[in-house]
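All chains should be modelled from the sequences, with the hints used to inform the complete structure.
Here are the chains, one letter per residue:
There are 4 protein chains.
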Amino acid sequence: MKNLLVEKCSGENIKIKVGNVVIGGDKPVVISGPCSVENYDTMIEIAKQLKKIGVDILRGGAFKPRTSPYDFQGLGFEGLEILSKVGKEVDMPVVSEIMDTKDIEKSLEYLDIIQVGSRNMYNYSLLKELGKVKVPIVLKRGMSATISEWLYAAEYIMSCGNENVILCERGIRTFEKYTRNTLDLNAVAVIKQKYRLPIIVDPSHGTGLRELVPIMSISSITAGCDGLIIESHVYPDNAVSDARQTVSIKTVESIIENIKTYIKYLK
Amino acid sequence: MKNLLVEKCSGENIKIKVGNVVIGGDKPVVISGPCSVENYDTMIEIAKQLKKIGVDILRGGAFKPRTSPYDFQGLGFEGLEILSKVGKEVDMPVVSEIMDTKDIEKSLEYLDIIQVGSRNMYNYSLLKELGKVKVPIVLKRGMSATISEWLYAAEYIMSCGNENVILCERGIRTFEKYTRNTLDLNAVAVIKQKYRLPIIVDPSHGTGLRELVPIMSISSITAGCDGLIIESHVYPDNAVSDARQTVSIKTVESIIENIKTYIKYLK
Amino acid sequence: MKNLLVEKCSGENIKIKVGNVVIGGDKPVVISGPCSVENYDTMIEIAKQLKKIGVDILRGGAFKPRTSPYDFQGLGFEGLEILSKVGKEVDMPVVSEIMDTKDIEKSLEYLDIIQVGSRNMYNYSLLKELGKVKVPIVLKRGMSATISEWLYAAEYIMSCGNENVILCERGIRTFEKYTRNTLDLNAVAVIKQKYRLPIIVDPSHGTGLRELVPIMSISSITAGCDGLIIESHVYPDNAVSDARQTVSIKTVESIIENIKTYIKYLK
Amino acid sequence: MKNLLVEKCSGENIKIKVGNVVIGGDKPVVISGPCSVENYDTMIEIAKQLKKIGVDILRGGAFKPRTSPYDFQGLGFEGLEILSKVGKEVDMPVVSEIMDTKDIEKSLEYLDIIQVGSRNMYNYSLLKELGKVKVPIVLKRGMSATISEWLYAAEYIMSCGNENVILCERGIRTFEKYTRNTLDLNAVAVIKQKYRLPIIVDPSHGTGLRELVPIMSISSITAGCDGLIIESHVYPDNAVSDARQTVSIKTVESIIENIKTYIKYLK
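Protein chains in written order, with numbering that gives the first Met the number 0: chain L, 0 to 266; chain U, 0 to 266; chain G, 0 to 266; chain E, 0 to 266.
In short, the hints are calculated from the structure, not lab data. Glycine is no exception: its CB is placed at the ideal position from the N, C-alpha and C atoms. Hints may contain errors.
[Unchecked claim] Residues from chain U that keep clear of chain G, each with C-beta distances beyond 12 Å, as calculated:
1. PRO64
2. GLY75
3. ASP90
4. LYS127
5. LYS133
6. CYS159
7. ARG243
[Claimed, not checked] Taking lysine-lysine and the BS3-like style, the derived pairs with C-alpha atoms no more than 27 Å apart in a straight line are:
8. G:LYS7 with G:LYS84
9. U:LYS249 with L:LYS127
10. L:LYS259 with E:LYS26
11. E:LYS26 with G:LYS101
12. L:LYS131 with U:LYS101
Here's what the structure looks like:
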């Protein structure tokens, strides 16, 4: 992969600033929130609690890529509007997934960071259009994407003018069925050693099991990632999507405490 | 997958008519042409020869999803215009891949069949928009998509109003490196036994090696598929993309002869 | 893989003669029988019926590698004795799996062909010992073995002196869950084009679903394999192991009829 | 997996004592040494240095399962004899792989722990025989073994009478080619949460790249594993096998220092 923008170069690693938050800096960031934005009341409750425990960025899905067309598809722009309003009220930057090139422009009114989901990592039309905006992009790894393909996907965005790309490892598809995906922390180590992009980890999709999220969060941090994106909810069992991998706010709090201890003593 | 449109039902299997060609009928169809539309002269030469040997439908890529942004990305609408013109001159229906919702409407001026590539099988925005047109859709299986996810992708299109979906098995990603992908003919047999959609096979991507295309074409036909889509070129070694898996027109001819023998004696 | 015994060379492909049966010759062979040898009465009944419909070689498991230690582990040498007796009575060569180097010598009293199961393809101690006997070896592909590793496993046997190796494709492990394994017919085509070893296909393990066995048998034959190994039983539903993928004798008969038609007209 | 010996139960987690070392106790153990025992002089030099930096157990391969029969196959019992002699001289317990049931008895004269390699995880004959000895067994996960199959492999040993089983995660086979295997730390977390067996991690095979070994060692420890097994050599580049993933003694030292810091502050 010679001479690509993603490559390690003489310059510094890319640091991405969103509001007061720096991704790729000295301190891992924590992004959290529900899989889906459900309504204003639930969202503001979640956001207030996450803000209080020190979460840096708020997530919430509005355009939901669901396997079945008959499953809840998200609130769309109504969801983004709620997310944006809530983000402002609690003073947190917000991130959400966009799936269609035609939605990008309007989404910029609401979002501080745009997420490209795993299912759209190879959607090169979307990536090229996202290369034309300035907002940071969280680029999830495709379900069966090689590290090399993933970096080329980042290159698609960067070569069109937007170098604010944050990679996100979220597990790959293997034969193993106990966990939803196989979290590939080797990939985190490779990215941090050889390339200059920030990388975060999604232990929620990376395991699919809420009881594994805390331990794999710490394991990800020690593998060198620049942050975590964790699905959380005030009532995890009642989350309208991905309940099985959604943790409580209290669990996020203990993960943050844990990270602080690691960081304090070890870096 | 109870009560889905993709399911086997009391009604007949879906047959899709494009010009004089029936996909899902008694006779397997052959779709062929170059990976990329390169220019008018090459395209018309390829098309005339393919027409002569009995190929049913002409393919040619205009929007090319390439791993690297620095590789040839296709001629875009200029390519579709060439393909359409050539198709009319030789009297063959044409198929090409569309990757962006905003290109669908314009592409309808040129295409008889729209292809959803492997990288976009999970692009639900695209699938939903394709559910609103009437043109048949070739839906390639995602690189690591389960049969179930693939059928749900078809359901996305069908549930929006377009039941003209043709599945296309093109190999899945496994640990095996000798071949580009592992052609999953089990999947063909499953689809034909349990669901009512037509299914074709792409032995070019399914193997990645031109010398395997003829034998795997026949193996696919005997596994029960409704047709083949084969990358071919008048000068395979000079094809601007996927040369390693592109066969000569003469090879396509021998594949067609072979299929005829099988069909004659055995069905 | 230069200069290996498995390589295609100036000499002819390897043909293996067992009794009156030739594996790797002009005509595909059919090996069939129950997953496990259960008792003499059932075995002789199965064997007589298989002999009558034209099956070439009789199979029956005596040493069974089961995932759980609490599942039926096979009758061991008692099973081999039954199999051998039955084989002689119906005049059919017999094949069964051996899992332990210390059992090889004794098994030679009973078996015409020794099978190395998928779980033991990397058991190099076993392979080396099997290289010291003269009996033909059916070498199943490991669950996640590359074609190259599989050929090296054959080379282990051949380099120790026994060139009578028959490869057996039985499906590889992938993310797909609908079928037990993904039958890799690309691998059959690769072996037949580039190497001189005979190769057979096991559509029973390769699909895990009895309803797919007949169609995938034919698809395997047209991919160029030299034969099939099919799990069958007089009462498939009552088979003590692998019932879900075991077919009736009648089904084996129709597969054989089908193969004959293909062979007659096409080769 | 109800009512199996591997299950979490009312009793304590299994702790395995080897000399003065406890595996599965409060403190992670470090096992290290060369991929292959090469000769006495190199082995004693490596051992002395490893002892000095605090490595708990010495490893060294004597029976080497190599993909090609023409690659160095190890020194066999001569290698075990060297390893045993060296272990005694530096007062460290020793572990090495055994591949054949007929070698078990003799190997007990030399080894404190027997390793079952990845290629032999499904070798049930070997597992049953190892269930009849008392020496602890390191059971590596098969290349494409599910967690469930791996636990059943442990159950094979335990149900025959030997409960001293130490699981070893060493990476699984996926489509990713950058790393030799994909280290599955999810599996470590699952085992520690639900089952009572100790589990160690092999970051050498789990990555295949020496530059990833230190970071993945720490990531493994924070995922909860009970120890590490690391390939090391006084002259890593000259190691006769697996040089690309072999680290220097100095690197092992820094890993141990790192672990101590983590343990001191965090447990």
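Q.
Check whether the Cα positions of LYS249 (chain U) and LYS127 (chain L) lie no farther apart than 27 Å.
A. Outside the cut-off at roughly 39 Å; violated.
Classify the label on GLY75 (chain U) as holds or violated, using whether its beta-carbon is more than 12 Å from each beta-carbon of chain G. Answer for GLY75 (chain U): holds, closest chain G Cβ roughly 33 Å.
| said: Run the distance test for LYS7 (chain G) versus LYS84 (chain G): straight-line Cα separation, threshold 27 Å. | reply: 38 Å, violated
request  = Assess, step by step, whether the Cα of LYS259 (chain L) is no farther than 27 Å from the Cα of LYS26 (chain E), and give holds or violated.
outcome  = Within the cut-off at roughly 22 Å; holds.
Against chain G, does LYS127 (chain U) keep a CB gap of more than 12 Å to every residue? Given that every Cβ of chain G is farther than 12 Å from that of LYS127 (chain U), nearest at about 25 Å, it holds.
| For PRO64 (chain U), which was marked as not at the interface, is the minimum beta-carbon distance to chain G over 12 Å? | 21 Å, holds
**Study point:** Assertion that CYS159 (chain U) lies farther than 12 Å from chain G (Cβ)
**Key:** Holds, because the least Cβ-Cβ distance between CYS159 (chain U) and chain G comes to about 25 Å, which exceeds 12 Å.
Should the label of LYS133 (chain U) as a non-interface residue stand, given a Cβ cut-off of 12 Å to chain G? With a cut-off of 12 Å, LYS133 (chain U) remains clear of chain G, as the shortest Cβ separation is near 31 Å.
(request) Evaluate the condition: distance from the CB of ASP90 (chain U) to the nearest CB of chain G exceeds 12 Å. (result) Holds: least Cβ distance 32 Å, greater than 12 Å.
Starting from LYS131 (chain L), check that the Cα of LYS101 (chain U) is at most 27 Å away, please.
At roughly 16 Å apart (the allowed maximum being 27 Å), LYS101 (chain U) and LYS131 (chain L) satisfy the hint.
Fill in: Hinted pair LYS26 (chain E) and LYS101 (chain G), Cα distance within 27 Å
40 Å, violated
For this session: Hey, is ARG243 (chain U) genuinely clear of chain G, shortest beta carbon separation above 12 Å?
Result: Holds, because the least Cβ-Cβ distance between ARG243 (chain U) and chain G comes to about 14 Å, which exceeds 12 Å.
Hints 8, 9 and 11, counting from the list given before, are not met by this structure.
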